[in-house]
Amino acid sequence: MQLTPEDKRRALAAATLTLLGGGLPSAQAEDKTWDIDTAVMVYAESDNRVQAVEPVLKGTLNLGAERYFTAKLVVDTLTGASPNGATPASTPQTFAGPSPYTADPNETPLDDRFRDTRFQGLVDYQFPLSDVDTLGFGVNAGTEYDFVSLGGNLRYARDLFQHNTTLSAGLNFESDSIDPVGGIPIPLAVMRVASDSDDDDGIDDDMNGWRDGSSDSKTVTDVVLGWTQVIDPKSLFQMNYSLSASSGYQNDPYKVLSVVGADGEPLRYVYEARPDSRSKNALFMSYKRFVFDRDVTEISYRYMTDDWGIDSHTVDLSYRWYFGTAHYLEPHLRWYSQTAADFYHVALDDGEETLVSEASADTRLAEFDAVTAGIKIGSAVPGRGNWSLRLEYYQQSPKLGGVPTQAADGLSKFDLQPELSAVMLTMGYRFTW
Amino acid sequence: MVAARPVTVASLPGGGHAGRFTAMAAPCEVLVDGVCAQEVRRLTRIVAREVWRIERHWSRYRDDNIVHRINTASGRPVTVDEETARFLDYAQQLYAISDGRFDLSSGVLRRVWRFDGSDRVPTAEQIAEVLPLVGWHRVRWKPPVLTMPAGMEIDFGGIGKEYAVDRALRLVVQQTKAPVLVNCGGDLAVSGARADGSAWQVGVETPESGPAPVIGLPAGAIASSGDTHRFLLKDGVRYPHVLDPRTGQAVLGGPRTISVRAASCTEAGVLATLALLHGAQAQAYLRDSAADARVWW
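Chains as they are written, first to last, in my numbering: chain A, 121 to 553; chain B, 252 to 548.
FYI, nobody ran anything at the bench for these hints, they're computed from the structure. There is no bait here: all hints are sound.
For lysine-lysine, the following BS3-like pairs were computed, each having C-alpha atoms within a straight-line distance of at most 27 Å:
1. A/K408 with B/K393
2. A/K338 with A/K400
3. A/K400 with A/K519
4. B/K393 with A/K128
5. A/K354 with B/K393
6. A/K178 with A/K408
7. A/K354 with A/K408
8. A/K354 with A/K496
9. A/K128 with A/K178
10. A/K178 with A/K192
11. B/K393 with A/K178
12. A/K338 with A/K192
Since this is a predicted model, take the numbers as computed values, not measurements.
Chain A with its partners taken away, still in its complex shape (with noise of 0.2 Å):
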C-alpha cells in the first residue's frame, strides 16, 4: 500500500488545511500505514543435534490516535536428534517407539524422531485510555503435531512525571494440551524395549502398566509489574518482576532416564516425572544509555527463581556503534548460569525409582553456564527499508550433578554431560507498507 503522489498530496492538503485551522479534512484524517517487521531464523546445534528454522512475520497497522493492531505469524521447522535422557552405554542401547532408534556404545542416546513444525500466530489491539493511559489486549495460539496452546493477555500502561515514568501491569494465561505419539507415559514406569512388542511395529499396543491415557493438559499464569523510568536525556532505566504459575502435565513425554546397574551400564529405562505445578519468580533490570550522542549501550541482568529448586542469573551487555550515515554494528554478549532442580538425576540406581516420585535427566533442569557472543550489523535509514543481520555463537557448560551414588565408579567412564554449541543467523528486513 505504498503512498502514490496523489495520496501525499491530498494528505499534505488535508494536513495544511488542519494547520491553518480551515477545518478537517474531509477524507481519511491520517493514512493507515503497515509495518512489516520480516525475519528468517536459522539455528544449528553441534553434532547434528536440533536444527531450525524459522520465518517470522510481522504486521503492525498504525490506526493513528495511538492505536495499534499487530498480526504476527512464526513458523518453526525442527530437525535433528535430540538427547532423550539416557546415559551412554558400553553396548548399543535401542529405543521403542514407532521408529526404534539405536545409539552406539559410549555414544548419548540422542532421539532421533525429533522433527517438527511448530505454527504460532497471535493479534494484538493497543490503544490509549486518556494522554497517560494504554490498555492492550492479545489472543494467540500454536500447534504441533502433538500439541496445541491458546492464550490471551491483557496489559495497562500509565505515564507519569510528563512521561519520564511508565508504570504496567500484564497478566498472561496459557492452556497447552499435549497428545504425545502412543499416549501418556505413566512417570516413572518402565520404558519397554521394541523387543517386548507384541507385534513387529515397533509400538507396544498393550499400554497396561505404562501409558496413562492418550493426553493431559497445562495452564500457565504470568504476572508482569513494570516499571520504566527516563532517567535524564540520554539513559533509561526499566525494571521487571514477574510471576509465574503453571499446574498441569509439565512432563516431557518422550524423556527418560536410565536405571544403572553399579558397572554403570543401564538396565532399564524409566520415563521422567516432574512435580505438577511450579511457580518461578523473576527480576529483571536493564539500563540503557545514549553515548557519544550516536550509540546505544544497554546492559541487562535478571534473576530467576522457581520452586524446582533452579536459580539463573543472566548478564546481557550489548553496544550499538552507529557508523557511516545510518548503519551499524552491535557486538552482544550474554552470560548465563542456572543449578539444577531437586530432582535432576543424570541416571537413576537400581531400585531408586521407587524410591523417589520425581526425576528428570532433561539437561535443560541440570546445572549449567552459557555464553552467547555475537555480533549484528544493520542499516537504519529513515523512511526506507531497515535490513539486519546477525550472527550468534552459544557455548553451554554442563556441570555434572545428580550421579546415582552406587553407579558412580562405573559411569565415569562415559561422557555424561558434553557440552553443547550452536550457531544462530538472523536475517531481518523492515519496511512501511
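We have chain A; now place chain B onto it with these hints.
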C-alpha cells in the same frame, strides 16, 4: 529587546497604496484594492502584528520563546503551546509524507555546511559527526510533550514565513471585504481576485537577468524556493544550500528556483521545498504531485 519596527504606507505608481514592514529578514508588503491609505495602514498593522508575533514565537535567535526552550532542554521533555503543537503535528506528517526529506531537525547540518560562496564542502566525517543529531525519528512527540535527545535542535525557519503569510491573511480578511494580498519576501497569498475581477499579477524573482516573469494569481498563494544566493562551488560542482536530512549531503543537480501556486502559501512552500529536495527529479516530483509550478534550472 528588538527595536520597534515601523509600518509605512507608500503610493503605488499605478494608483493605490502599499503597506510595508520587515519581518523574518524579508521585506513584507500588504496590498488592498480600492481603499484609502488610512485603511491600508490599519490593515497592514494587523498583518504586521501577526507576522511579528509568529516570528517572535518561533525565532531561533531569541532566548525567550518555545524554540529556545526546546533546543536547550538537553533531552528533558518540553510541554509546548497549542500552536506549536499544531505545527509539530504538521511537521510530523510532512516527515512521513516526504519519506524523511522534510525534517524540522535538519538545521543542525548548517554547523558543517556554511554557504558562504566558498569551496569549503564538509568532509564525510564532518557530516557523519552531526548526522546523529538530525532526524525526526529520534524525537518523541506525544502532544503536547516533545522529548528530543540532547544536542538536537528544531528550526521552523523553513516554513514559518509561509505559515505567517497565511495566518495574517486569514486575520485581515475578517477586517475588510476588499481584496488583499500579503507578501513576505516573495511568498504571498491573496484573499481572492482583484476588485475588477482580474488576477493579481505577481513577478517572480528568478536566476535569470532581465524582466521578472509575471504569474497571474486569481486566488490562493505562491511560494518560491531556490538557492540563487546560497551555495558552495568546488571543482566545478555547485553545492546548493538544499540539504537532504537523511544523508546530510547537498542535493545536487536540482533547479535554481521553483515557484509553486497552491491554495495556501504554506502548501505552496512545502511543495517548492520538497521539489528542490528531489534535485534532478524536481520536475518529475512536481508533475507527480499535480503541482502548479514553474521551474528555473
